Structures are given as C-alpha cells and as structure tokens.
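Q: Mind docking chain B on chain A? Use the hints.
Line by line, the protein sequences are chains A and B.
Take 1118 as the starting number for the first sequence in the working numbering and just add one per residue.
Take 1118 as the starting number for the second sequence in the working numbering and just add one per residue.
For the record, the hints were derived by calculation from the structure and aren't laboratory data.
Please note that the accuracy of each hint is not assured.
[What the hints assert, rightly or not] Straight line, CA to CA, 16 Å or less: simulated EDC-like cross-link-like pairs of lysine to aspartate or glutamate:
#, chain 1, residue 1, chain 2, residue 2
1, A, K1138, B, D1325
2, B, K1392, B, E1322
3, B, K1138, A, E1178
4, B, K1138, B, E1149
5, B, K1392, B, E1326
6, B, K1280, B, D1161
7, A, K1138, B, E1237
8, B, K1138, A, D1161
9, B, K1280, B, E1178
10, B, K1392, B, D1325
11, B, K1138, A, E1237
12, A, K1138, B, E1235
13, B, K1138, A, E1239
14, B, K1280, A, D1176
15, A, K1138, A, E1149
16, A, K1280, A, E1163
17, A, K1392, A, D1325
18, A, K1392, A, E1447
19, B, K1138, A, E1235
20, A, K1280, B, E1326
21, A, K1392, A, E1322
22, A, K1138, B, E1163
23, A, K1280, B, D1176
24, A, K1280, A, D1176
25, B, K1280, B, E1163
26, A, K1280, A, E1178
27, A, K1138, B, E1239
28, B, K1280, B, D1176
29, B, K1280, A, D1161
This one's a predicted model, so the numbers in the text were calculated from it and none came from an experiment.
2 protein chains.
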Amino acid sequence: MWRSRWRGQLVTKARKVGDVKISEVGEFGLIERIAARLPSYGADVEAAVGDDLAVLAWDAETYQLATCDVQVEDVHFVRDAITAAQLGRRVAAINLSDIAAKGGTPQHFLVSLVLRPEIEVEWVEQLYDGLGEEACRYGADIVGGNVSRIEGPLVVDVFLLGKIRREEVLLRSGAGVGDLVLVTGFLGDAAAGRALLAGQVAGMEVADEQRLVSAHLAPTPRVREGQVIARSRRATAMIDISDGLASDVGHVCDESGVGVRLWADRVPVSEPATKVFRHLGRETWELALGGGEDYELCLTVPADNAGYVAQAVEEETGTHVTCVGEVIEEEAGRWLVLEDGREVPLESVGWDHFSGTG
Amino acid sequence: MWRSRWRGQLVTKARKVGDVKISEVGEFGLIERIAARLPSYGADVEAAVGDDLAVLAWDAETYQLATCDVQVEDVHFVRDAITAAQLGRRVAAINLSDIAAKGGTPQHFLVSLVLRPEIEVEWVEQLYDGLGEEACRYGADIVGGNVSRIEGPLVVDVFLLGKIRREEVLLRSGAGVGDLVLVTGFLGDAAAGRALLAGQVAGMEVADEQRLVSAHLAPTPRVREGQVIARSRRATAMIDISDGLASDVGHVCDESGVGVRLWADRVPVSEPATKVFRHLGRETWELALGGGEDYELCLTVPADNAGYVAQAVEEETGTHVTCVGEVIEEEAGRWLVLEDGREVPLESVGWDHFSGTG
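Chain A with its partners taken away, still in its complex shape:
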C-alpha cells in the first residue's frame, strides 16, 4: 500500500525534476517534492509541522482541525470482502482517528464519492448508513459532498472538520527525553483480521474471528480517549497508529527530535491476535508493531504523569492503556528491545509487512 498525507512545511528544499515516475521516488519522495513547491502559509495557519492534518486558527481559544482520507477500490478495499456499511464506517473512522490523535472533537464531514454507473443504489445508501452511523456516534454531521462518475475503481474520499481548545492540542512535536510511550487498546488485531480474511489462518473461534476481522474492516477511532488525554494536559505528543507503531512512533521522533526505545514484551496484543500470529509462525511483536491499521493512539507522557493519564483514560472510557517504551536522546537512536534482551533497530520493523488491506 502506498499512501500518505503530507504537510506543506515538512520539507522546504527544492530538487531538480525530470521524467521520473512516482513509483521511482515513492510516497515520501513525492510528498517532499510537492511540499517544496508550495507557497508559504497565511498567518491563520498554525504549522502542524509533519502532522497529518491542518491546524487552523479559529479564535483566540480554539483551533479548527481539517483532514482528509480516501479509500480506493482494490488498493484499500475489495468490494467482495467488505460491506458498503463497513466501508462507510471504515473511511469515517480513519478520518475520526486523525482528529482523535490531536485530542479534538469531530464536527463536519464532507463526502466525495466517485462511482461507476453500474453500482447499485442500495450499496451507496448502505455506505452512507455506515458513514452516518459512525459520524453520529461521535456527534459529527455529514454536511455535504459530491457525486461523480468514474470508469474504474471506486473512490470514497472523506473530509472532516473538527475543533480543539488551543491549550489542549497535541502535536507530534512535543515528546521529551524521559517521557514514557503509551498506547491505547491492543495492537495487531487489524493485521490478524487481514490474515484471516486472506484465508491464511483457519480454525479460529467465531467470536475471535469476528473481533479481528471487524478490527480490520471497521476500526474504532479513539476519539473519546484522545479527548481525555488532551484534557488531562499531561501528554506531550500524540499520533494515531495507522501504519504500525514502529513506523508511527518514528514520526513523533522525527518531529520531536528524540529517540525511542520500545519493549517488545510490553506491546499489548490480544489473545485472538496472538493465536493468529502463532499460526502464521510470526513473532507477536512483529505484526503488532508493523501490521498497521489499528488506529489506536500512541502518546508520550512525562514519567511522573503516565499513571495518571492511563488511569483517567481507563476510568472514563474503559480502554486499557499500556506503557510500551521510553523516549531517549535523539543520538541514542530508535530501538526495539526483544524479549531476550537483544536490541534491534526500529526501522527494521514495519513497512515490509505493510503490503495491502485486501
């Protein structure tokens, strides 16, 4: 899967261009090049440097948050493997997760559908049912959209606006040395669900299978958890785990100018996912850290406050929070400590497993 979001100020250096294909420069190469060409922002754009969404001035106390995320047929989903309602919930959830990662409150969805004329009307209605259900769950409205024709794969593009108090906003850039790294929920359920859908594992219990498959098809955005964390004012940085913890914690390191040490044996993996990974003959941490699409939150909190934040989230939302690592000096690097005490570079975990959603 080749997908990413960019922020204009991420990279400012211009490069020479020629007749190079996107496939040759990859996603980050393309994003760098786009960013290099953009004019600078107006004064009402707060620079959420390297962040996944735009942070815009609303008034003296409030920021507006704006994000967009797309689902493309045969890249992010296959029609046979997901119902329209699940797809609607999924694309809503992915956008909601971006707002959750800032601790914000989602407000308004715009939905852009690009459809083949032979698609059933009922399919589109069910897509909207899923979208509307998920929006409603978090108090957001679908306020507009656009319908277009395509002779090719379906595209469901969603745009979400939200709000947050300025003093509560959590960026990727605030992590400090000595902070602990916490995550919400379990990691790896989506990867396990993907493996089940792909028929790589059989013989699971129905309830376990359903849990994992639905974690993959229609993840739960951690909107309320994000709000509790933001309101606690004790976290220093936050991100949602879309590409896998190993990769996403790297974005926090990039933006905060720090290193990180994660402990493999602390990574929270559910029992059903553990079973699937065992069936696959893979290390549990491998898919939990690299599998992606869990849409849990990863946050950094000064050690003194970590217990308080974890407890607040658990009490107010029922979602478990686990400490999985610590923030270290940038020069000390980014490491994963395995169960046997060996340390492996974090960049060796992750992207290679990140090859599809079907």
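A: Frame of chain A, contents of chain B only:
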C-alpha cells in the same frame, strides 16, 4: 457527464430500494436517496437548502463555507488535452467558484490526489503549481492533503474552506418576484472552447481560439465579483453557472419558489464564441444557455438596485454585468423569450448539450 453535489436537507422523503443501478436513477435520484437517509444536522449547521456547499456557524458574525469538487480522468478531463498546471487551475477554480457564488472569501484548500504509480512526478508538481497559483491569486492557502494509489483513472479531489459575514451571505433561496436576473462576463465561451478542442471548428484566429480553449480548460472564478455583490447587500440570490444558465437559474427558482423569464437576445456571448456557434450551425443562445462550465455568476437583484450592483462590479473588477431576465411568479413558469418573440420552456434548453468535457 454525470456529476452533482447534494445537500442533506434537499429532499426528505424516503423511497423503497432494491437492486437498482445508479445509472437507472440518475444523479438526482441518487442524491435524493442519499439525502433521505442522513440524520438531521446539529445546531451549528446552517441549512443552505439546495445549495452547493455547506454553510456552518463560525461565530456570531461569520459563517464558514465548505465545499468539495473533483476532476476524474476521462470524465472531466483527458490527459492529452489539458496540461497538469491547467488541470490544477481548473479544479481550484471550480471550488473557488462555489465560494464566489456565496460572495465569500476562500481560505484553505485540502488536496486529495489518487494517482497511478507510473505518473510522472513532474506532472504532479505542475498540477500543484497550477493549484497553488490559483489559490494564491485569491489569497487562499493549500494547507494539507492526501496522496493515494489507484490502478485506473486519476482523481483530483479538492476541498475548500472559506468565510463570509453572516449578513452578506447569498443563497439560492432569496429571489423575489420582480427581481432582475443578472450575469457576469460572457456565457458560452467554455462550450465554444470545448467544440474547438474536439476539432469541430477550424479556421479561427489564434487569439480567439486561445481565449475560448482556456475558458474551457481553466475558467476564471468570479471571487472578487461575488464579494462586491455580497457587500453591496442589494442582491437577493446568487449561483455560479456550472451546468449552464438555463439549468442553474432553475435551481434558484426551485429554492426561491419563483419562476423566471430569460431573454435570448440579451444573453452576453463573446464575438469569438458567436463565430464558433455559427460554424456549428447552432443558435447562439442555445450553447450560451446550455453549454455549461462558464463559472460566471448569476444573481437576482430588485429592479431598483440592479444598475447600482452592475456598476459596482464593473468599477471594482472590470467585469461586465448584463441583465438577462426577470423573476416572475412561480405559477407563471420558466421561459426563454427568443429573438422573434416566441417563448419556449426553459427546461427544453440545457441538459441535452451537457454531455462531456473532453
């Protein structure tokens, strides 16, 4: 071309559904069905009933405007016929035109690109150059976006946020009997440019050809004209002409509960477009009213104030404003008065010509 935008409150009646294809119900049928299933809005959503974009509460004095518009390869554009920079300007302009139609000020673009891996990086850069140039021209920023892969037609989906003072916002619903119908600029240039690109007419002067083709490929959104009109506080309704005046003035009639009488001989058509229409053996008014994609503004103004508004726009922007009709009682219908005095129903003009952009 099958494309439209919907507003949730437009239609509230539910219908039974079955195994019906989108192609069988058409765009409006689909939009009706989607709208019927949406939950009602929150209190901070102003009902821009039947409008092209969402009008959201900002503060006591201000609305936020939010719109999205997409360009799909082989539906809205053909890569051979438009440069990447033109495509960028075009998709920006179409969104800017939505904001212009409310009299608003554009602020923030988010850009969602769905691309094939074999697309050249330089093509994407030039697309952004065009987008950025057009955004910059109207004081807006590109603040974020998303890049995804597709194995199929390119999709360029753009979201635009803007602002307007509450007391200045112009909807489609305010037209009153006795108002005059005004339009900015010339109508039919885009249709003429489309005919030239399709090779239907030869032997035009280069300058004329360039003017018409660029009116089609990269239209000029009437942002400043819209602002002058809104600030005058003398217009009653406004819309941008995306589908052709005959069709778009019908939306104003729908939302305002009025009829209309347009005069064919008053419709402003440029000399080069007139030449093209003559070559095509078509009545000038036919393509000027039905051709679409001009992105001029159509507004209604009480007769006493029409001269003032037209003069204000011309003095402040240099854009000519023409009176092309009058608002009449709803029961009196919707008519086009031809040059020989015959009246034809307005619905007989328009959509049939609206068959593509290539």
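Q: All hints are to be evaluated individually against the structure, with a verdict given for each.
A: Going down the list of hints, with the structure as the test:
A hinted pair counts as satisfied when its Cα atoms are at most 16 Å apart, and K1138 (chain A) with D1325 (chain B) does not qualify at roughly 36 Å. For the proposed pair K1392 (chain B) and E1322 (chain B), the alpha carbon gap of about 10 Å is at most 16 Å, so the pair holds. At most 16 Å may separate the alpha-carbon atoms for a hinted pair to count; K1138 (chain B) and E1178 (chain A) exceed this at roughly 48 Å. For the hint pairing K1138 (chain B) with E1149 (chain B), the CA-to-CA distance comes to about 14 Å; that is within 16 Å, so the pair holds.
Among the hinted pairs, K1392 (chain B) with E1326 (chain B) is consistent with the structure: their alpha-carbon atoms are about 11 Å apart, no more than 16 Å. Our distance criterion of 16 Å between C-alpha atoms is met by K1280 (chain B) and D1161 (chain B), whose separation comes to about 15 Å. The suggested pairing of K1138 (chain A) with E1237 (chain B) holds, with an alpha-carbon distance near 4 Å, which does not exceed 16 Å. Simply put, K1138 (chain B) and D1161 (chain A) have alpha-carbon atoms about 45 Å apart, too far for the 16 Å limit, and the pair is violated.
With a C-alpha separation of about 10 Å, the suggested pair K1280 (chain B) and E1178 (chain B) falls inside the 16 Å cut-off, and the hint holds. A hinted pair counts as satisfied when its Cα atoms are at most 16 Å apart, and K1392 (chain B) with D1325 (chain B) qualifies at roughly 10 Å. The straight-line distance between the Cα atoms of K1138 (chain B) and E1237 (chain A) is roughly 4 Å, inside the 16 Å bound, and the hint therefore holds. Distance hint between K1138 (chain A) and E1235 (chain B) is fulfilled; the C-alpha atoms sit about 5 Å from each other, no more than 16 Å.
A threshold of 16 Å between alpha carbons decides the hint, and for K1138 (chain B) with E1239 (chain A) the separation of about 8 Å falls inside it, so the pair holds. Using a Cα cut-off of 16 Å, the hinted pair K1280 (chain B) and D1176 (chain A) holds, with the two alpha carbons roughly 13 Å apart. Proximity of K1138 (chain A) to E1149 (chain A) is assessed by CA-CA distance (about 14 Å); at most 16 Å being required, the pair is judged to hold. Restraint check: the Cα-Cα separation between K1280 (chain A) and E1163 (chain A) comes to about 13 Å, which is no more than 16 Å; the hinted pair holds.
Simply put, K1392 (chain A) and D1325 (chain A) have alpha-carbon atoms about 10 Å apart, close enough for the 16 Å limit, and the pair holds. Note on K1392 (chain A) and E1447 (chain A): the hinted pairing is violated, with a Cα-Cα distance of about 36 Å set against a maximum of 16 Å. The hinted pair formed by K1138 (chain B) and E1235 (chain A) meets the criterion: a straight-line CA distance of about 5 Å does not exceed 16 Å. With a C-alpha separation of about 48 Å, the suggested pairing of K1280 (chain A) with E1326 (chain B) is violated against the 16 Å cut-off.
Taking the CA atoms of K1392 (chain A) and E1322 (chain A), the gap is about 10 Å. The hint holds against a cut of 16 Å. Straight-line distance between C-alpha atoms of K1138 (chain A) and E1163 (chain B) comes to about 44 Å, which puts the hinted pair past the 16 Å bound. Annotation: proposed proximity of K1280 (chain A) to D1176 (chain B) holds, straight-line Cα distance about 13 Å (limit 16 Å). Of the supplied pair hints, the one linking K1280 (chain A) and D1176 (chain A) holds, its CA atoms being roughly 11 Å apart against a limit of 16 Å.
A distance of roughly 13 Å separates the Cα atoms of K1280 (chain B) and E1163 (chain B); the hinted pair therefore holds under the 16 Å criterion. For the hint pairing K1280 (chain A) with E1178 (chain A), the CA-to-CA distance comes to about 10 Å; that is within 16 Å, so the pair holds. For a cut-off of 16 Å, the pair hint linking K1138 (chain A) to E1239 (chain B) stands: about 8 Å separates their Cα positions. With a C-alpha separation of about 11 Å, the suggested pairing of K1280 (chain B) with D1176 (chain B) holds against the 16 Å cut-off.
Pair hint K1280 (chain B) plus D1161 (chain A) holds up; C-alpha atoms about 13 Å apart against a cutoff of 16 Å.
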